[in-house]
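So the protein sequences, as listed, match chains A and B.
Residues in the first sequence are numbered consecutively from 315, following my numbering.
Residues in the second sequence are numbered consecutively from 117, following my numbering.
The hints are simulated quantities; they were obtained by calculation from the structure and are not laboratory data.
Where is the CB? At the ideal position from N, CA and C, for every residue including glycine.
All clues given are correct.
Result set (DSS-like, lysine-lysine): computed pairs, CA atoms no more than 30 Å apart in a straight line:
#, chain 1, residue 1, chain 2, residue 2
1, A, K560, B, K468
2, A, K560, B, K442
3, B, K468, A, K436
4, B, K447, A, K436
5, A, K519, B, K442
6, A, K415, B, K197
7, B, K201, A, K391
8, A, K436, B, K197
9, A, K391, B, K197
10, A, K503, B, K447
11, B, K197, A, K327
12, A, K560, B, K447
13, B, K442, A, K536
Per label pair, the in silico range of CB-to-CB distance:
#, chain 1, residue 1, chain 2, residue 2, range
14, A, G526, B, P189, 27 to 35 Å
15, A, A350, B, V675, 56 to 64 Å
16, A, P533, B, Q469, 33 to 41 Å
17, A, R455, B, V675, 37 to 45 Å
18, B, G540, A, E538, 53 to 61 Å
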Amino acid sequence: MQTVTLKPKKEMKISVEVENITPDRFAGKSEKEIQAIEAWMGNQKTTLGDLFSVKVEGSGTAADTKIVMEGDLSRVKRIGEGMTAGLIIIKGNVDMHLGAKMNGGKITVSGNADSWAGREMKGGEIIIEGDAGYYLGGGARGETCGMRGGKITVMGSALDYVGDHMCGGEIVVKGNAGILPGLSNNGGKIVIEGNTSRPGSEMVKGTIIVNGTVEEMMPVFKLEGSEAVDGVTYRKYTGDVIVSGKGLLYVK
Amino acid sequence: MELLIKNGAVFDPVNGIKGDKTDISIKDGKIVNNVSSRATVIDAGGRLVMAGGVDAHSHIAGAKVNVGRIMRPEDTRSGIKPRTKITRPWTGYTVPNVYAMGYRYAQMGYTTVFEAAQAIMKARHTHEELEEIPIIDKGALTLFGSNWPTMDYVREKDMDKLAAYVAWGLLASRGFGIKVVNPGGGEMWGFGKNVTSLDDVVPNFDVTPREIIVSLMKVNEMLGLPHSVHLHCNNLGKPGNYTTTLASMELAKQVKPSRDRQVLHVTHLTFNVWGGTNWGDFESKADEIANYLNNSENITTDMGQLIFGSATTMTADGPVQYANAKLLHAKWANGDVELEDASGVVPIYYVKQISVHAIMWAMGLELALLTKDPFKVLLTTDHPNGGPFVNYPEVVTLLMSNKKRQEEIKTLHEAVHKRTKIPGIDRELGWSEIAAMTRAGPAKVLGLLDTKGHLGVGADADISVFDIKPDQVDPSVEHAKVKSALSSAAYTIKGGEVVVKDGQITATPMGRTYWVDASVPAEHTEIMMKDIRMKFKNYYSINLANYMVQDAYLTHPQVVKAGVIPVEVR
Ligand SMILES: [Zn+2]
Numbered sequence: 315m316q317t318v319t320l321k322p323k324k325e326m327k328i329s330v331e332v333e334n335i336t337p338d339r340f341a342g343k344s345e346k347e348i349q350a351i352e353a354w355m356g357n358q359k360t361t362l363g364d365l366f367s368v369k370v371e372g373s374g375t376a377a378d379t380k381i382v383m384e385g386d387l388s389r390v391k392r393i394g395e396g397m398t399a400g401l402i403i404i405k406g407n408v409d410m411h412l413g414a415k416m417n418g419g420k421i422t423v424s425g426n427a428d429s430w431a432g433r434e435m436k437g438g439e440i441i442i443e444g445d446a447g448y449y450l451g452g453g454a455r456g457e458t459c460g461m462r463g464g465k466i467t468v469m470g471s472a473l474d475y476v477g478d479h480m481c482g483g484e485i486v487v488k489g490n491a492g493i494l495p496g497l498s499n500n501g502g503k504i505v506i507e508g509n510t511s512r513p514g515s516e517m518v519k520g521t522i523i524v525n526g527t528v529e530e531m532m533p534v535f536k537l538e539g540s541e542a543v544d545g546v547t548y549r550k551y552t553g554d555v556i557v558s559g560k561g562l563l564y565v566k
Numbered sequence: 117m118e119l120l121i122k123n124g125a126v127f128d129p130v131n132g133i134k135g136d137k138t139d140i141s142i143k144d145g146k147i148v149n150n151v152s153s154r155a156t157v158i159d160a161g162g163r164l165v166m167a168g169g170v171d172a173h174s175h176i177a178g179a180k181v182n183v184g185r186i187m188r189p190e191d192t193r194s195g196i197k198p199r200t201k202i203t204r205p206w207t208g209y210t211v212p213n214v215y216a217m218g219y220r221y222a223q224m225g226y227t228t229v230f231e232a233a234q235a236i237m238k239a240r241h242t243h244e245e246l247e248e249i250p251i252i253d254k255g256a257l258t259l260f261g262s263n264w265p266t267m268d269y270v271r272e273k274d275m276d277k278l279a280a281y282v283a284w285g286l287l288a289s290r291g292f293g294i295k296v297v298n299p300g301g302g303e304m305w306g307f308g309k310n311v312t313s314l315d316d317v318v319p320n321f322d323v324t325p326r327e328i329i330v331s332l333m334k335v336n337e338m339l340g341l342p343h344s345v346h347l348h349c350n351n352l353g354k355p356g357n358y359t360t361t362l363a364s365m366e367l368a369k370q371v372k373p374s375r376d377r378q379v380l381h382v383t384h385l386t387f388n389v390w391g392g393t394n395w396g397d398f399e400s401k402a403d404e405i406a407n408y409l410n411n412s413e414n415i416t417t418d419m420g421q422l423i424f425g426s427a428t429t430m431t432a433d434g435p436v437q438y439a440n441a442k443l444l445h446a447k448w449a450n451g452d453v454e455l456e457d458a459s460g461v462v463p464i465y466y467v468k469q470i471s472v473h474a475i476m477w478a479m480g481l482e483l484a485l486l487t488k489d490p491f492k493v494l495l496t497t498d499h500p501n502g503g504p505f506v507n508y509p510e511v512v513t514l515l516m517s518n519k520k521r522q523e524e525i526k527t528l529h530e531a532v533h534k535r536t537k538i539p540g541i542d543r544e545l546g547w548s549e550i551a552a553m554t555r556a557g558p559a560k561v562l563g564l565l566d567t568k569g570h571l572g573v574g575a576d577a578d579i580s581v582f583d584i585k586p587d588q589v590d591p592s593v594e595h596a597k598v599k600s601a602l603s604s605a606a607y608t609i610k611g612g613e614v615v616v617k618d619g620q621i622t623a624t625p626m627g628r629t630y631w632v633d634a635s636v637p638a639e640h641t642e643i644m645m646k647d648i649r650m651k652f653k654n655y656y657s658i659n660l661a662n663y664m665v666q667d668a669y670l671t672h673p674q675v676v677k678a679g680v681i682p683v684e685v686r
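So that you can see chain A by itself, here it is in the shape it has in the complex:
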């Protein structure tokens, strides 16, 4: 078992990009080796050692590696990008692209995660105890697929476009979601416990379940009657009919 603890050494006014903070990159490495790993602050190349104090205990494979990040991480982007195994525990808020393209392992955030958390995620799990920004589990601009697998849970609320262009996997938002969750959904599952508006536009496949209030329905869904899911009765819709969609939308 290897535990790596990172704490910001200075206030980060300019955002930093740390796609190299992953259990895969840290596994079996010493403090010195981790300090030397490349990072960017704005347009300046720097190192993790310059930005963070690094403490390493033990040694292990990626699956055996736990990274603990503490402090003000609200300008730290791309933590855990592409990780395939292991654990990242974040105590605080993080900037955009948390766990982008992640393929395995687990990330937990005690605070909020900014936009594009879990962008193009393929596997593994992200748990955000606070709120999430825009495009949770979404796709990069122009791509046909956002999240393809894995699971994201948000204990708080999320902003607009939850699961944009999602092609698989599952997103659960315990609070409210902004407008257009599941936009162009192509096979993912989204559960919103709170309220939202205009879910499922351009949806082709996949499932969206809303337990709170849908403030506005898109007029592109066909009511198929009522159906019980896990003991709860919903109005069941299919659509988006404009794109001959076979998506399922369950509304209380």
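Let chain A serve as the given structure and place chain B with the ligand on it in line with the hints.
Okay, now just chain B with the ligand, sitting in the frame of chain A:
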């Protein structure tokens, strides 16, 4: 500035040099007989030397290309290289940024590239981009096939006015030649329709595609333009369209070329040698087209080779793009260019295991391998319609190595065996034929053979040297070596200056923009302009004064003179 390239294994079909050790002398940007002892010497050491590559059909600048960039931000995620002291940033694969266009062509040893379609109304945009593409010489063909004045004059059978309009259109767009895309179809698309044969009548204009093509060929030769009519056939993208392609080629018999070149260039044949009646019985008829080319003298073509992976289709053929977008459930951009044409942009991903794509991959290769004369089939991918131009080395190796083709065929949908002839074709092209398809041929087709596409005295000193010794490497066997050498030139020399060394950009001079200044009798222009002014007053959304490409748009113009009255060079 003097330069001497010694000991190159030179392939130059125009001057009959077939791999002989030849020295090339360069002075002031031109190839000369000899240079002084002060000349800088590059020892090619027996490596392959050819003229700089010439591409007669690519989409590198203008409204369509930029729509492709806007609708495909994901394309920009690949191909990124940060700026250096010499180069600006590179981005993109199918729709690269303007800088990468120039750098990547130069890296492959190409020095001249023509944008294959600009509407006059959008020509300012084309030139704004051409002005930013570094290193290479370039030019743009101007769309005339669905323009209202063209169709009016074709109906009236007034070739003088049509010639005056073409000459003025080339001036207005600073264009190089006549491009015709799905003639009549661009206008029909304004009403949600298309033309389906050479003899369909375009409503409101009472003309047929056949009349438009023949009239523009006549006018092209009346004006003695350097290039011929450059045709994107009707029915492109529809199974069975090879009959339309053959019928269009037949039209070339009606007109005599005014120069030593073809009278009709039929472009990107991968998209119009289609047999069958639907996607189920879709098959290649490239062999029939090749047979036709082998028996005709005044027609040239280009491959439009398909490359598996990501591509972005972009064309003035608006209706075909609507059909594509529906078929592929893809993103779709549609453009209407007022009185001139339509357009559409649709991304596509070509997949080895999709039967139609595997068959299309074979079509370009069959055409090139079954046509005897390499000057009749230019090497293109119709960038980025069949695939990005950076794949030219892949296409060259497919043409030079049957072994590579057979390896590739094993990975493709089985339809490639039943619906194409490619598995049984064992012809392998040599370096002279490749030089013809990528240098001398395109230069001849464009009418620029005096200065481009060869290494004779008087030619522009545009030269490519590749890290491969033709007497030691058999391209048939060592195709991977050939591909890597062609992807990264040992030297690219543009106008006598070394712009690439060992695959790295070393200098970024600005290339020139070719356009054709064709003169016609002033009285013809005068009466034609009455019609044009009327059209601007009644129909165009902009003023005539805001329409013409002004001189300020071309900081390095290269004017080629033509016209019905022989003119003295200024
Ligand atoms: Zn084209």
